[in-house]
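Here is what each chain is made of, one letter per residue.
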Amino acid sequence: MAAKVWTGGWGAPAWTLASWSCALLSLHVSFLHSKLDVTVKESPTWALSGVCRGRRLTIFSLELKFQAGPGWPWALSGQWGLRAGPSVNLGLLQRQSLLDMSLVKLQLCHMLVEPNLCRSVLIANTVRQIQEEMSRDGAWRGAAPQSVGRVPLDRLVSTEILCRTARGPEAGHPVPDLGDDPLQGPVSELSTVSSAQVPRNPQSSLWDSGNPRENRGSFQKSLDQIFETLENKSPSAVEELFSDVDSSYYDLDTVLTGMMGGTKPGLCDGLEGFATAASPPGSSCKSDLAELDHVVEILVET
Amino acid sequence: TADIISTVEFNYSGDLLATGDKGGRVVIFQREQENKIRPHSRGEYNVYSTFQSHEPEFDYLKSLEIEEKINKIRWLPQQNAAHFLLSTNDKTIKLWKISERDKRAEGYNLKDEDGRLRDPFRITALRVPILKPMDLMVEASPRRIFANAHTYHINSISVNSDHETYLSADDLRINLWHLEITDRSFNIVDIKPANMEELTEVITAAEFHPHQCNVLVYSSSKGTIRLCDMRSSALCDRHSKFFEEPEDPSSRSFFSEIISSISDVKFSHSGRYMMTRDYLSVKVWDLNMESRPVETHQVHEYLRSKLCSLYENDCIFDKFECCWNGSDSAVMTGSYNNFFRMFDRSTRRDVTLEASRESSKPRASLKPRKVCAGGKRKKDEISVDSLDFNKKILHTAWHPVDNVIAVAATNNLYIFQDKAN
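Taken in sequence, the protein lines are chains P and G. Residue 291 in full-length UniProt numbering sits at position 291 of the first sequence, with consecutive numbering throughout. Residue 289 in full-length UniProt numbering sits at position 289 of the second sequence, with consecutive numbering throughout.
By construction, these hints were calculated from the structure, which means they are not laboratory data. The model shown is predicted, which means the values in this text are computed figures rather than measured ones. Errors might be hidden in some of the hints.
As the list claims (entries may be wrong) - Okay, the calculated beta carbon distance ranges per label pair:
| id | chain 1 | residue 1 | chain 2 | residue 2 | range |
| --- | --- | --- | --- | --- | --- |
| 1 | P | L108 | G | Q33 | 26 to 36 Å |
| 2 | P | L108 | G | E100 | 46 to 56 Å |
| 3 | G | E57 | P | L108 | 38 to 48 Å |
| 4 | G | V47 | P | L108 | 15 to 25 Å |
| 5 | P | L108 | G | S63 | 14 to 24 Å |
| 6 | P | L108 | G | L131 | 23 to 33 Å |
| 7 | G | H163 | P | L108 | 18 to 28 Å |
Every residue gets a Cβ at the ideal spot worked out from N, C-alpha and C, and that includes glycine.
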């Protein structure tokens with residue numbers, strides 16, 4: 001996959017960023033071996049995801065700073081930002097935060113001697129919903145693969161314990177046996193649930209997965225190809241390289257621009273948009289993301 | 001905070017208006033009668049009686065305090081000179097008799113005028129006590145106490161049209177009482193699962209049909225309403241009718257269930273319709289059609305994009321009530337920022353009004369308010385972000401006949417009348 005060249009600064013509008021993203025993915029690997037800094041950073045604006053060779057891809061977020069160096073036929077400067085997420089869904093971080101918030105609320109409910117039953121039930125149902133969707137997305141795979149199928153019931157906080165009020169005499173209704181220290185159970189369950197969530201640093205899953213050395217080795221081959229291509233071409237010819245870029249990449253624009261809000265979104269602002277667009281998860285993104293596959297193939301090693 | 005009004009209810013004639021507050025007090029207002037001397041005072045409500053209905057209690061078995069907050073007040077139809085009402089907190093329902101006394105007896109033999117007992121040996125003559133007029137005194141006395149029937153928090157009470165029985169509903173059960181009998185109640189609905197871990201739905205409100213004494217409805221936290229017929233079986237776990245609106249898949253979110261939870265259900269006076277209040281809307285249902293409501297009125301749709309923030313600050317769990325006017329042609333419910341909304345069903349018009357000292361002077365008309373959902377804010381409009389979510393109007397009541405409404409704004413009670421009256 002060849003690289004596109006342009007000179008000058010950035011501040012590129014979204015559409016160019018989109019068209020660049022694919023090229024960038026292949027580029028950044030080559031730059032790893034050059035004198036360029038690669039810093040990985042999360043940017044909460046949008047996510048790209050796709051499936052490559054049956055494995056869900058993580059596109060990690062990074063900021064690249066380029067500098068023109070000797071021998072390079074072009075001058076590049078500026079920085080990109082890409083955001084990563086381990087799933088197709090938009091607002092992954094927001095969903096995680098909503099789950100955390102809900103669990104905190106449940107904990108607070110639980111600390112009351114007599115919790116408001118309606119409220120507890122509604123929050124517990126919300127938690128269950130989020131976790132079901134997360135498990136549908138396969139987000140649990142990274143965290144606890146063995147229990148994906150059984151995720152919801154075990155890891156959910158027991159509403160019985162939350163709604164614990166029935167300790168008085170009830171004619172004909174069995175009082176649930178909560179054990180000696182009922183507080184112990186649910187609290188540890190809660191911490192289990194929250195710690196077993198999707199990894200907080202999604203980019204680590206790609207960087208860390210597999211053997212980095214292996215990854216580099218297999219990348220090397222494609223790297224050489226890229227370097228060769230880049231060094232031998234003049235800038236104008238490089239432009240032609242990018243004519244190879246499938247224009248369908250521009251279809252990503254609608255996906256990306258749709259996701260990219262104007263200002264930096266707060267947790268809840270982003271979540272609103274996510275919440276309404278979320279289900280069914282990622283159906284609108286899938287066709288666009290399929291385009292990414294062959295770009296991504298260069299990067300992802302199974 | 002003990003002054004926060006927690007329930008408002010007109011009696012059957014509308015002459016009396018009862019409020020309950022967080023401190024367990026009941027305050028009853030009475031409408032001034034038409035008075036030629038002071039014509040403007042007609043229709044004004046003045047305090048008639050104040051009494052402490054419930055006190056905080058301590059449940060020693062569960063080691064928890066039972067709040068004295070009055071959750072609901074319901075009047076009984078008047079049968080004699082006295083007035084009766086039911087008031088309930090989380091656990092105990094009380095029947096109160098409110099009676100007037102405007103005469104007192106004077107000239108007792110065994111007591112002095114100041115109440116001291118006389119020494120019987122000093123009495124030399126007997127006299128017959130005489131009834132003399134006195135300043136009107138309104139007395140409230142508890143006549144029945146219906147206790148120990150609810151494990152969970154009582155959210156509703158409803159007097160039956162037979163005037164002999166009433167229901168009380170908590171999160172999981174509905175009990176039927178006879179007004180004369182306090183040591184027994186019948187459980188008519190029980191949705192408690194055998195295993196509490198399986199609990200996903202609770203009862204949020206219940207009411208008897210205004211004319212059919214065998215029919216009751218109850219709403220749930222999942223946005224459904226079940227109509228039960230007590231003639232069909234003793235335990236009404238199986239409903240006769242099930243009302244649920246199919247979900248709109250395009251607006252589905254993680255908050256869909258929470259905002260669909262019904263906070264209030266009220267039959268129309270005619271008995272043909274019922275109204276439900278969920279977080280964002282008021283729905284009118286025809287009892288003959290279970291598949292969907294016949295009307296949906298948006299109360300504050302501009303909050304739909306703010307649900308996450310409202311979840312964070314718990315406002316999404318606020319329980320708003322709703323009410324019908326006397327002719328069932330209009331409905332009313334509260335909102336935030338001390339706003340309340342009225343919907344005219346026949347003209348399909350709605351209005352937003354504000355209950356606050358600043359915006360309403362006595363005898364001045366209320367100015368309609370408008371919330372700007374987005375874009376450019378016009379003059380006099382209020383933007384969504386400047387709404388005060390601590391000023392919520394949860395409780396409103398409409399006079400059964402006239403266009404008089406009572407609106408509870410935290411610890412203030414506003415009574416508005418239609419000028420055409």
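Now the hints, each set against the structure:
Checking the proposed 26 to 36 Å range against L108 of chain P and Q33 of chain G shows it is violated: the Cβ atoms sit about 51 Å from each other. For L108 of chain P and E100 of chain G, the hinted distance range of 46 to 56 Å is satisfied, since their beta carbons lie about 48 Å from each other. Between E57 of chain G and L108 of chain P the C-beta distance comes to about 24 Å, which lies outside the given range of 38 to 48 Å. Look at V47 of chain G against L108 of chain P: about 39 Å separates their beta carbons, and that is not inside 15 to 25 Å.
In this structure, L108 of chain P and S63 of chain G meet the distance hint of 14 to 24 Å, their C-beta atoms being roughly 19 Å apart. Range check, L108 of chain P to L131 of chain G: about 60 Å between beta-carbon atoms, so the 23 to 33 Å window is missed. A hinted range of 18 to 28 Å is violated for the C-beta pair H163 of chain G and L108 of chain P, which are about 44 Å apart.
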